[in-house]
Each structure stands twice: as structure tokens, then as C-alpha cells.
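Top line first, the protein sequences correspond to chains E and A. Residue 115 in the working numbering sits at position 115 of the first sequence; the count goes up by one each step and never skips. Residue 204 in the working numbering sits at position 204 of the second sequence; the count goes up by one each step and never skips.
Just so you know, the hints here were simulated from the structure itself, not pulled from any lab data. One or more hints might be untrue.
Copies of the same chain look alike in the list, so a pair counts if it fits in one copy or across any two.
[Unchecked claim] Cut-off 30 Å, straight-line C-alpha distance, at most; resulting in silico cross-link-like pairs (DSS-like, lysine-lysine):
hint: 1; residue 1: Lys191; residue 2: Lys217
hint: 2; residue 1: Lys182; residue 2: Lys137
hint: 3; residue 1: Lys44; residue 2: Lys315
hint: 4; residue 1: Lys134; residue 2: Lys180
One-letter residues, chain by chain:
2 protein chains.
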Amino acid sequence: MNDLDIIQSLKKHTYIALSAHISPDGDAIGACTALAMALVKMNKHPVILMDEYPEKYNFLPGREYIFSTYPDNVPLELFVALDCGDLQRLGKYVDYFEKALLTINIDHHISNPNYGDYNYVDSKASSTCEIIYKIIKNSEIDIDDEIAASLYTGIAFDTGGFKHSSTTFLTHQIISDLMKYKIDFTGIMDKLFYSRTFESAKLLGLALNKMELHYNKQLCICDLSKQEMEEVGASVNDMEGIIASMKNIEGVLVAILIYEKNSNEIKVSFRSSGDKDVCRIAQIFQGGGHKKAAGCTLYTDLKNAKIKVLDIVQKELF
Amino acid sequence: MNDLDIIQSLKKHTYIALSAHISPDGDAIGACTALAMALVKMNKHPVILMDEYPEKYNFLPGREYIFSTYPDNVPLELFVALDCGDLQRLGKYVDYFEKALLTINIDHHISNPNYGDYNYVDSKASSTCEIIYKIIKNSEIDIDDEIAASLYTGIAFDTGGFKHSSTTFLTHQIISDLMKYKIDFTGIMDKLFYSRTFESAKLLGLALNKMELHYNKQLCICDLSKQEMEEVGASVNDMEGIIASMKNIEGVLVAILIYEKNSNEIKVSFRSSGDKDVCRIAQIFQGGGHKKAAGCTLYTDLKNAKIKVLDIVQKELF
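When you get a sec, could you build the whole thing from the sequences and use the hints?
Here it is as C-alpha cells:
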């Protein structure tokens with residue numbers, strides 16, 4: 001299905017639900033708000049179904065279309081799933097998806113099994129917002145400042161600030177077009193990638209303080225107890241960016257962050273920047289992921305978990 | 001003077017020196033290497049005059065044209081100053097500039113006083129590399145992978161990864177074109193903005209650990225003694241990114257980093273993200289800078305410097 005088929009489908013319906021994957025990120029939210037605002041311009045009635053999303057996206061225009069449930073007295077003609085790699089990742093909105101008269105699945109995850117009545121899955125797109133840009137551009141609707149800000153947010157987020165290998169010449173061409181609108185891109189980039197709460201900055205400080213190098217300085221490891229996190233006012237939700245900072249240390253091939261989620265429930269995150277396959281390590285502990293990013297849970301205490309992980313990592317990777 | 005005039009001048013000469021401002025950054029080095037490689041393709045003999053540059057640029061192609069002095073037995077027909085806001089910023093290469101038969105000044109700093117025989121100063125360009133891109137594009141020379149990598153580096157560096165307000169739709173249009181070449185843009189972005197030595201990561205950790213909030217959590221301040229820096233194996237050269245991390249804390253309007261360079265020589269850096277004019281504070285201590293970024297030196301001990309700075313900041317800004 002291409003851009004024009006999608007536009008034809010959207011045109012034929014009035015009451016449209018949009019939703020994205022659970023724990024929505026910048027691309028998921030940006031795709032929903034951008035498409036909702038475009039649909040309003042087409043005189044449609046969009047409802048974005050989203051339970052909750054991180055506070056840092058509170059700057060996004062189009063949030064007024066976000067609701068936690070679909071209104072009872074409104075028909076649901078069309079359900080559009082955005083940035084949602086499989087049906088179950090719609091979470092509690094699977095019910096609405098199944099009730100809708102017609103469903104469309106727009107996504108860029110290569111593993112997407114085409115679960116919609118109509119499917120537009122482009123795994124070469126850097127982000128779902130890149131696809132939504134093309135759809136809107138091919139419609140009779142003009143992009144405006146608000147739609148541009150939503151699309152910029154999604155593309156910038158999913159490419160890690162135009163850094164990830166998914167970024168293409170087309171990504172920058174689209175961003176070049178979006179830059180012609182009045183968008184606070186500096187503010188968006190700051191909010192997406194640089195802004196932190198005081199507590200999460202303190203936690204990063206603690207982690208960098210505690211981290212150690214092992215195995216010819218190629219492994220960087222850090223463990224954090226629940227008590228240590230609480231002492232700086234932080235929680236397991238403040239972990240963002242810690243393991244990336246460890247992995248970005250010169251010469252480090254593998255970074256491991258071990259933290260106590262609850263008593264005897266230890267979370268382990270792995271990152272690799274080279275040829276070391278950390279997914280294999282996570283799998284030994286019943287976890288999973290990718291070669292370069294993986295995770296697992298150990299049901300023991302922090303000290304023991306660290307010993308076990310280091311032992312396996314040495315045997316398998318160094 | 002426009003692109004075509006510059007190209008005509010370059011074509012008329014064979015022995016060409018290129019140089020940039022002292023303490024060269026990504027844009028200065030990228031502009032020199034990109035233009036040198038293009039000149040070689042035009043059968044010219046370029047020499048980049050550069051005393052030293054940060055190790056992190058060791059990945060840049062075209063470094064083989066960098067020398068610390070101009071060869072004695074080679075005539076110097078043309079000197080091209082790149083990314084150099086005024087003549088004195090050429091450092092020890094001012095001598096060569098004055099001896100050259102013809103000089104060209106290519107830059108994007110608004111304050112550039114047009115010190116060359118020919119001047120191409122475009123303050124709307126995000127970077128000097130953006131100007132060099134246009135010049136090469138208008139010549140008969142084709143951009144290749146190596147030239148593209150150099151230009152990408154300069155543009156990415158000077159825009160802070162496409163984040164600073166100097167970034168325009170044209171910047172992304174140029175980057176879109178450069179992305180068509182085989183360049184390791186992920187690696188370049190990592191090296192420019194994310195990679196750190198272990199010691200500098202430890203120093204960041206120490207700073208985040210020590211920082212405090214004052215004045216309704218709008219001021220973030222941190223002081224670091226020479227001994228503390230030495231204890232983590234770091235030095236005053238490892239300060240990069242610390243004050244930016246403090247300024248990026250939610251709600252913080254002013255960030256101040258105070259550190260002991262030597263006994264009784266205390267450096268103070270200020271950053272402001274709002275309406276607070278930190279240059280005014282720096283000036284009170286005989287320093288200077290801009291409204292949003294300034295610095296000064298106090299000749300006293302660390303503890304006393306912090307008291308003095310906090311006192312003035314409270315009186316003037318909060």
C-alpha cells in the first residue's frame with residue numbers, strides 16, 4: 001500500500017482512532033499528533049488513544065487529541081496503528097483495533113507482520129514520522145508549524161539526533177523541508193537528548209563515579225543498589241543515558257549496568273560497540289535483545305549478580 | 001566575492017597555503033582538509049599550516065597535507081585563511097599570510113573585518129565548511145567520500161550536531177547531499193560529541209556528584225579543586241561538557257563551574273539558558289563573554305572564590 005492508497009482510505013472515513021506502541025517514545029507520539037492535526041485539517045475527527053507518555057513531550061502540539069479511551073457515543077470507523085511493530089504492542093487498545101470497521105498499520109519496524117487490513121511498512125524509513133511526512137506531503141493538506149514540530153520531533157528522536165545508521169539522505173532532505181517552518185528545533189533537541197532532572201543527573205554522577213574498567217579496559221561495568229539510587233532522590237526510571245555514557249568511553253567495547261530494581265530482582269543492561277555479541281550473554285541469563293544491546297534479570301542480590309555476570313562475560317567475550 | 005571568483009583565484013595559482021584559527025576545532029580542520037583535497041584534484045599543491053589539533057580529529061582524511069611550517073623551497077603564491085575571525089587568530093602563521101602574493105579570507109564569523117585581499121564572509125552560513133561545500137560544488141571538481149567526510153565533520157561540529165540556532169534548511173540540504181557519499185557519520189558524531197576518556201567521564205561524575213542547586217533551584221553551581229581532579233586522573237583539559245550538563249538540568253537558568261587551575265588561580269565558567277545576563281557577572285570580575293556564556297579568573301582560593309561569585313550572582317541575578 002502506498003501514500004496515495006492511505007490518503008484515499010483516510011478520506012473515506014470521518015471517525016478515526018490513532019494509537020501507537022505502549023510506552024510511547026518521540027516517534028510514536030510525534031506520528032500520532034502530526035497525523036491527528038493533518039486529519040483535523042481534512043475535517044476528520046481523530047482521537048489519539050494513549051494511556052500515558054513521558055512528561056518531556058509536554059511541549060508537543062496536538063496533545064489535545066490524546067485521550068485514554070475512545071468516546072462511547074462516537075462511531076469508530078477506522079483505526080490507524082502507528083509505529084507499532086506488532087499488534088500486542090498496542091496494549092489495551094487492541095480491543096478497539098479489533099472492533100474498528102477498517103484498520104491501517106503504518107510502521108517502519110522490519111519485523112512488522114502486517115497485522116492491519118491495510119499495511120504501509122517501510123523498514124528503510126528512519127522513523128514512522130518520516131512515513132507520515134510523505135503521506136501528508138502527498139495529500140492536499142499543507143504542513144504547518146505545528147505538524148512540522150511533531151514530525152521533526154519524531155524523526156530527531158528515532159535517529160538519535162540524526163546519528164543512528166537509520167539516518168539517510170532522505171531523512172535530512174525531509175528535515176530540510178521541515179526547517180522552513182517556524183519550529184524551535186534547538187529546544188526540541190534539548191528536550192529530547194540533553195535535558196535531565198536534577199535527580200537523574202545526580203544518578204548519572206553516581207554511576208560514573210562507581211564505574212570500573214576490566215579486561216584490558218575494554219569492559220566498563222557499574223552496579224547501583226536501590227539504596228544508592230534513593231539517596232540521590234532517583235529511581236529506576238532515571239537510568240536513561242547512563243549505559244550510553246559508559247559505552248562511549250574511549251576503548252570500551254562492552255558496557256554493563258547492573259541495578260537493583262527490587263530486593264533480589266537485579267536488572268542487567270548490556271551495550272556493545274564492537275564485535276562482542278552481548279545478546280548471547282543476556283540469553284544465558286534468560287534475557288534477550290540484539291548483538292549490540294541486550295538485557296536480562298537475575299533473581300539474587302546485587303553483589304552476587306555482578307560476580308555471576310562478570311564471570312560469564314569473561315568466559316564468553318574476553 | 002562569490003564562489004566563482006574564489007574558484008577563479010584558486011585556479012590561477014599552484015602553491016597554496018591554507019590555515020585556520022589557533023586551537024582549531026572541527027570546522028576549522030574540516031574546512032582545511034576538504035579544501036586541500038579538492039585543490040589536489042585541481043592539480044594544485046596545498047599545504048595546511050597547523051601547529052597542533054585535538055587527537056579526536058585523527059580520523060579525518062586529508063591530514064597528510066597538514067604541516068607545522070611551510071616548506072622553504074616552495075613558493076607561496078596564495079594564502080587562504082579559513083574559519084578565522086580576525087588576522088591575529090592565525091597565530092604564528094600571520095607571517096606567511098603577510099608574505100603571500102595574494103590572500104583570501106573565507107569565514108562565517110559576523111565580526112570578520114575582511115582582512116584578506118579577497119574576502120568571502122557569509123555570516124548566515126552555519127560553518128565555514130558550508131561555504132567550502134558551495135565553492136567545491138560550483139567548481140569542476142567532484143566531491144568524493146573523503147571530502148564529504150571532512151565537510152560533514154565541520155558542519156556537524158559547528159552546529160552542535162544540527163542543534164544550534166545557526167542550523168538552517170540549507171545546512172540539512174547540504175548534509176543530505178553529503179550523505180550520498182560513503183561516510184561513517186555515526187562514527188563522526190560519536191567522536192565529536194559523545195566519546196570521552198575514562199578520566200574525563202570520572203571528572204563529569206565527580207562534578208555531577210558535587211553540584212548544588214541554589215536560589216529556588218534556578219542556579220546550579222559546582223566547584224572542583226585541583227586535588228579532586230587529580231584524584232580521578234583528570235586535569236583542566238577534561239572539563240568539556242560539564243557545565244553544559246549542569247545547564248541542561250530542568251529548571252536551571254544559570255550554571256556556574258568553579259575550578260582551581262593553579263593555587264590561587266580560580267577559573268569560573270558561566271552559562272545561562274534564559275534571560276539572565278552572565279556576561280555582566282564575569283565583567284565584574286574582569287572577565288567577559290556573551291550574555292549566555294561567559295568566564296573570568298579570580299586570584300584567590302577556591303572556597304573564597306565560590307563565596308564571592310555566589311554573593312555577586314545573588315545580588316545581580318536572583
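Here is how each hint holds up against the structure:
In this assembly of identical chains, Lys191 and Lys217 lie within 30 Å of each other by CA distance solely across copies; the values are 18 Å between and 33 Å within a copy. Proximity of Lys182 and Lys137 under a CA criterion of 30 Å is satisfied in both settings, with 17 Å inside one chain copy and 29 Å between copies. Taking CA atoms no more than 30 Å apart as the test, Lys44 paired with Lys315 passes in neither setting, with 59 Å inside one copy and 55 Å between copies. Proximity of Lys134 to Lys180 under the C-alpha cut-off of 30 Å is found in both arrangements, the shortest distances being 16 Å within a copy and 20 Å between copies.
Of the numbered hints listed earlier, the single one contradicted by the structure is hint 3.
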